[in-house]
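The listed protein sequences derive, respectively, from chains F and G.
Note that this note's numbering numbers the first sequence so that position 103 is 103, with each residue one more than the last.
Note that this note's numbering numbers the second sequence so that position 238 is 238, with each residue one more than the last.
One or more hints might be untrue.
To be verified - Pair by pair, the computed Cβ-Cβ distance ranges are:
no. : chain 1 : residue 1 : chain 2 : residue 2 : range
1   : G       : W60       : F       : P124      : 48 to 56 Å
2   : G       : I117      : F       : R275      : 42 to 50 Å
3   : G       : A185      : F       : D277      : 16 to 24 Å
4   : F       : T211      : G       : P183      : 17 to 25 Å
Said to hold, decoys possible - If you want a taste of the chain F side facing chain G, the calculated C-beta under 7 Å gives, among others:
no. : residue
5   : Q64
6   : A140
7   : T147
8   : D263
9   : N432
10  : S436
11  : G476
Claimed, not checked - Heads up, simulated DSS-like pairs for lysine-lysine below, C-alpha to C-alpha not over 30 Å straight-line:
no. : chain 1 : residue 1 : chain 2 : residue 2
12  : G       : K40       : F       : K82
13  : G       : K40       : G       : K58
14  : G       : K40       : F       : K326
15  : F       : K166      : G       : K40
16  : G       : K58       : F       : K326
Rather than coming from a laboratory, the hints here were simulated on the basis of the structure.
Every residue, glycine too, gets a C-beta built ideally from N, C-alpha and C.
Take a look at the letters that make up each chain.
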Amino acid sequence: MTSASFTRRGILVATPLVLGTGMLAACSTDGSGGSSSDGGGESGGALTIFSTGEEMSFDPATSQNLAITTLGLTARRLTAWKTSAGAPTELIPDLATDTGTASEDGRTWTFTLQEGLQFEDGTPITAATVKYGLERSFAAELTGGLTYHKVLLEGGEDYAGPFSDKHLDSIETPDETTIVLHLNRPYGDFGWIASTPAFAPVPEESGEPETYATAPVASGPYRLESYSPGSQAVLVRNENWDAGTDQARAGGPDSLEFVLAQDASVVAQSIIADRSDSQNAFLSTFVPTAQLVQAQNDPNVGDRLVTSGPGALEYLALNTASEALKDVKVRQAIQYAVDKQAYLTAKGGEISGDYATTLITPGIAGREEYSLYSDDPAGDADEATALLQEAGVEDLTLRLVITDDQTGAAEAIQQGLDRAGITVTIQPLDENAYSSEVTAGDGTGYDLVLSSWQPDVPSPNANLTPLFDSSQIGNGNYNLARYDNPDVDAAILEASSTTDAEEAHAKWAAVDQQILEDSPVVPLIFSKNSFIHGSGVENFVIGEFPAYPNYLTVTLAP
Amino acid sequence: MIPSLQRLARSLGVLLVVVGLTFAIFYIAPIDPALQMCGKPCSPEDLEAARGFMGFDKPWWVQLGTFLAAIVTGRSFGSADVLVECAAPCLGYSFQLHQSVTELLADRFPVSFSIAIGAVALQAVFGIAAGALAARRQGGMLDRIVTGVSVVAASAPAFVVGLLAVVVFALRLDLLPSGGYEPFAEGPLEWARHLVLPWATLAFLNGAIYGRLVRSSMIEQLGLDYVRTSRALGLSERRIDGYALRNLALPLTTLIALDIGALLGGTVITERIFGQPGLGALLLDATATADLPVIVGTTLVGSLLIVLANLGADLARPLLDRRLAHGGRSPRRSSATTPLDQTPQENPS
Numbered sequence: 001m002t003s004a005s006f007t008r009r010g011i012l013v014a015t016p017l018v019l020g021t022g023m024l025a026a027c028s029t030d031g032s033g034g035s036s037s038d039g040g041g042e043s044g045g046a047l048t049i050f051s052t053g054e055e056m057s058f059d060p061a062t063s064q065n066l067a068i069t070t071l072g073l074t075a076r077r078l079t080a081w082k083t084s085a086g087a088p089t090e091l092i093p094d095l096a097t098d099t100g101t102a103s104e105d106g107r108t109w110t111f112t113l114q115e116g117l118q119f120e121d122g123t124p125i126t127a128a129t130v131k132y133g134l135e136r137s138f139a140a141e142l143t144g145g146l147t148y149h150k151v152l153l154e155g156g157e158d159y160a161g162p163f164s165d166k167h168l169d170s171i172e173t174p175d176e177t178t179i180v181l182h183l184n185r186p187y188g189d190f191g192w193i194a195s196t197p198a199f200a201p202v203p204e205e206s207g208e209p210e211t212y213a214t215a216p217v218a219s220g221p222y223r224l225e226s227y228s229p230g231s232q233a234v235l236v237r238n239e240n241w242d243a244g245t246d247q248a249r250a251g252g253p254d255s256l257e258f259v260l261a262q263d264a265s266v267v268a269q270s271i272i273a274d275r276s277d278s279q280n281a282f283l284s285t286f287v288p289t290a291q292l293v294q295a296q297n298d299p300n301v302g303d304r305l306v307t308s309g310p311g312a313l314e315y316l317a318l319n320t321a322s323e324a325l326k327d328v329k330v331r332q333a334i335q336y337a338v339d340k341q342a343y344l345t346a347k348g349g350e351i352s353g354d355y356a357t358t359l360i361t362p363g364i365a366g367r368e369e370y371s372l373y374s375d376d377p378a379g380d381a382d383e384a385t386a387l388l389q390e391a392g393v394e395d396l397t398l399r400l401v402i403t404d405d406q407t408g409a410a411e412a413i414q415q416g417l418d419r420a421g422i423t424v425t426i427q428p429l430d431e432n433a434y435s436s437e438v439t440a441g442d443g444t445g446y447d448l449v450l451s452s453w454q455p456d457v458p459s460p461n462a463n464l465t466p467l468f469d470s471s472q473i474g475n476g477n478y479n480l481a482r483y484d485n486p487d488v489d490a491a492i493l494e495a496s497s498t499t500d501a502e503e504a505h506a507k508w509a510a511v512d513q514q515i516l517e518d519s520p521v522v523p524l525i526f527s528k529n530s531f532i533h534g535s536g537v538e539n540f541v542i543g544e545f546p547a548y549p550n551y552l553t554v555t556l557a558p
Numbered sequence: 001m002i003p004s005l006q007r008l009a010r011s012l013g014v015l016l017v018v019v020g021l022t023f024a025i026f027y028i029a030p031i032d033p034a035l036q037m038c039g040k041p042c043s044p045e046d047l048e049a050a051r052g053f054m055g056f057d058k059p060w061w062v063q064l065g066t067f068l069a070a071i072v073t074g075r076s077f078g079s080a081d082v083l084v085e086c087a088a089p090c091l092g093y094s095f096q097l098h099q100s101v102t103e104l105l106a107d108r109f110p111v112s113f114s115i116a117i118g119a120v121a122l123q124a125v126f127g128i129a130a131g132a133l134a135a136r137r138q139g140g141m142l143d144r145i146v147t148g149v150s151v152v153a154a155s156a157p158a159f160v161v162g163l164l165a166v167v168v169f170a171l172r173l174d175l176l177p178s179g180g181y182e183p184f185a186e187g188p189l190e191w192a193r194h195l196v197l198p199w200a201t202l203a204f205l206n207g208a209i210y211g212r213l214v215r216s217s218m219i220e221q222l223g224l225d226y227v228r229t230s231r232a233l234g235l236s237e238r239r240i241d242g243y244a245l246r247n248l249a250l251p252l253t254t255l256i257a258l259d260i261g262a263l264l265g266g267t268v269i270t271e272r273i274f275g276q277p278g279l280g281a282l283l284l285d286a287t288a289t290a291d292l293p294v295i296v297g298t299t300l301v302g303s304l305l306i307v308l309a310n311l312g313a314d315l316a317r318p319l320l321d322r323r324l325a326h327g328g329r330s331p332r333r334s335s336a337t338t339p340l341d342q343t344p345q346e347n348p349s
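Chain F on its own, in the form it takes in the complex:
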């Protein structure tokens, strides 16, 4: 839920989430040369995507979209994701010929573009257009997107964007198809970073920066035909997109219509009933609880209700800067005291998640399963009491800050901790007040926070750094435990600098355990998301990561 609040802009505003389609089917579409306009087979038709969002933006610089959702339909990047239901998500080339080559020291990354790529207007997609797209993301007017590259590119801290003819020298374009990026430190996951929105090409003649959001120049299989805020956006085929160059996108439907400002309950009802206007459609947000129960019990829904595997980590952050929680024994006692079973029940039961005992999200390569504390999801109150006694703590009272729709879950935490004699006072806040308090406040306002984290790219780095690196405390960032451990910082730096994937994975798995031994958060569940689509929608599959459908590969029944 907090993931909902943190990614809210991404989900509700910038991009209604799209459902994923089966990668295998998608690949076979590509393989058979199922190119755009043949109209037969698995191609063609008009797909409708119902969204609760009011507005859409197609500007890569301001987007926090996952690589497989809306923006991926119009904007390609250097790299892309291959999601599948039975395996961790893979990094695959998109505009580039491979997923990037690191220099020996891991500080220089080189990508080569495929030959003959074109924008929707027929102009070539060159290294310079990728550079320009990246440079735009540094402009003050175009903030708000994913900024992992901004802290990595050399000289980025003093760069204010390309609009006054200044350029960022750490992005080199020695020829039309080569792009060389110089980083200020070694970084092993840069291939993943190159799949984030800012790595989409933007032509220099794209006009005023603030109008690009509604007048983008497409590089993907679809271009924006019309957009009416609060009402709809229509994407139609980009005739200059070449399916042969694209491993990530099926380009199935002839057109996609985003219907905006919808009420999720109304749409879910309509899709459950499989009304004629909802057959070739899906709802981009989760199925609301009431309709979820209804859909589960309706035999006509069947596999049109698609539930993801375990996804975003929901956790209880323990404010390590708070006097009451400075002692690691007290924090470990909370690990035992928490009743994850009651928490999951409050969240809607099994369809809403799997128990979590680790930090890295399922579906991310390098994740290792382990359990440091109680194996019983209901917890172990005796062990908790014993640890508290060891720590010499009595009458512990803690303030738990939540968003106001989390009351049930918070009460489950409260009752769990009560078994060990810990009193929890719950403070529900409006979503905006909540994120200001926990991400931007000075950390004196809470002891405990309920939150969740969905990594922006499927790498352990995107999982652990934002939540546990000391540079991510406050100022709008997500180290809610205010966890400041120089050893962990060093281990994170070490792992993130490793360019060999397997070596890096082993290091990250070790960091995962190292952090949890210190108990800055209690992992609760890996939440599952349920989506629903009409009977005409095919290849609507959710991969292991992320717990959202892959919009790029959805097709319609012939």
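Start from chain F and add chain G according to the hints.
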């Protein structure tokens, strides 16, 4: 003319207070709108840049002053590198939607206007008719039905009635679209078809107040001396009803004007349920994303519409009550918005 000027000045004062309060609420509330603008992860430099670009780094009174001045003169945001212009009347600029608030509101206004006009017309016509009929047959079956339905309608939450309407009329019976807005210019028929459910829902919910108001006032009127006299003089019951209703014109006008004003400002729940991209839906989304400029702009325009509607009702009064047109005093009831609670008053005949 002097009283009108006074009223105008008072209205302007109300609007200033609203702007001030809206600003104040956001400075007291622990919300930093720049956070929404600051990318992920958010570096201190980016956050500072975002605040500076949006003008949120200035003290609140400077921001308030700039905001008010921009309504008249327009303004620009940012620095020499990137300058975003916001033409007068500038009500701020949404950095999340990359559009001036004035444009955003202008885009959404026709939707809320369409909803308001139809809903108020429906609720006034049906509410008044039902109330008058019920009063005529006081204690009868029709009266009991009207009273019963109006209690249900007045106490039912909008989201329940709205969802029910969608499920029954759109999903089950498939008679009407479940949502969406079609501009009037692209076909009045489709426009109306898409608005029938929101109109009916609002009319059902608000019409109850009209029904109850008209019923009780009519009953009161029908018991007054002038009615007895009229009857004794042999006037038809229809004429008598006409007199009684005319005496309700003032409170009803005030009520209708206020309703129009309120609905024009957007109906959050109804617009949401029926997928209507009006001002209410815009406000809801802005609240969720802490889009401060949009919230302030929508609130301000919403209050402006209510103030204007009130002003309109004030100015229309002399037309409805000739005593006012000749400089007389208005009877107390005519200025009340909820005469239900009033003690009966002699009507000077």
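These are the hints, each one checked on the structure:
1. G/W60 with F/P124: 48 to 56 Å: holds, 50 Å
2. G/I117 with F/R275: 42 to 50 Å: At roughly 29 Å between Cβ atoms, F/R275 and G/I117 fall outside 42 to 50 Å, so the hint is violated.
3. G/A185 with F/D277: 16 to 24 Å: Holds: the Cβ-Cβ distance is about 23 Å, inside 16 to 24 Å.
4. F/T211 with G/P183: 17 to 25 Å: Between F/T211 and G/P183, where Cβ atoms are some 23 Å apart, the hint holds.
5. Q64: holds, 6 Å
6. A140: It holds, given that the least Cβ distance between F/A140 and chain G is near 4 Å, below 7 Å.
7. T147: holds, 4 Å
8. D263: holds, 5 Å
9. N432: holds, 4 Å
10. S436: Since chain G brings a Cβ to about 5 Å from F/S436, closer than 7 Å, the hint holds.
11. G476: holds, 4 Å
12. G/K40 with F/K82: holds, 23 Å
13. G/K40 with G/K58: Satisfied, since the Cα-Cα distance of roughly 24 Å is no more than 30 Å.
14. G/K40 with F/K326: OK: G/K40 and F/K326 at ~28 Å, within 30 Å.
15. F/K166 with G/K40: holds, 24 Å
16. G/K58 with F/K326: violated, 37 Å
Hints 2, 16 from the list above are not met by this structure, while the remaining hints are.
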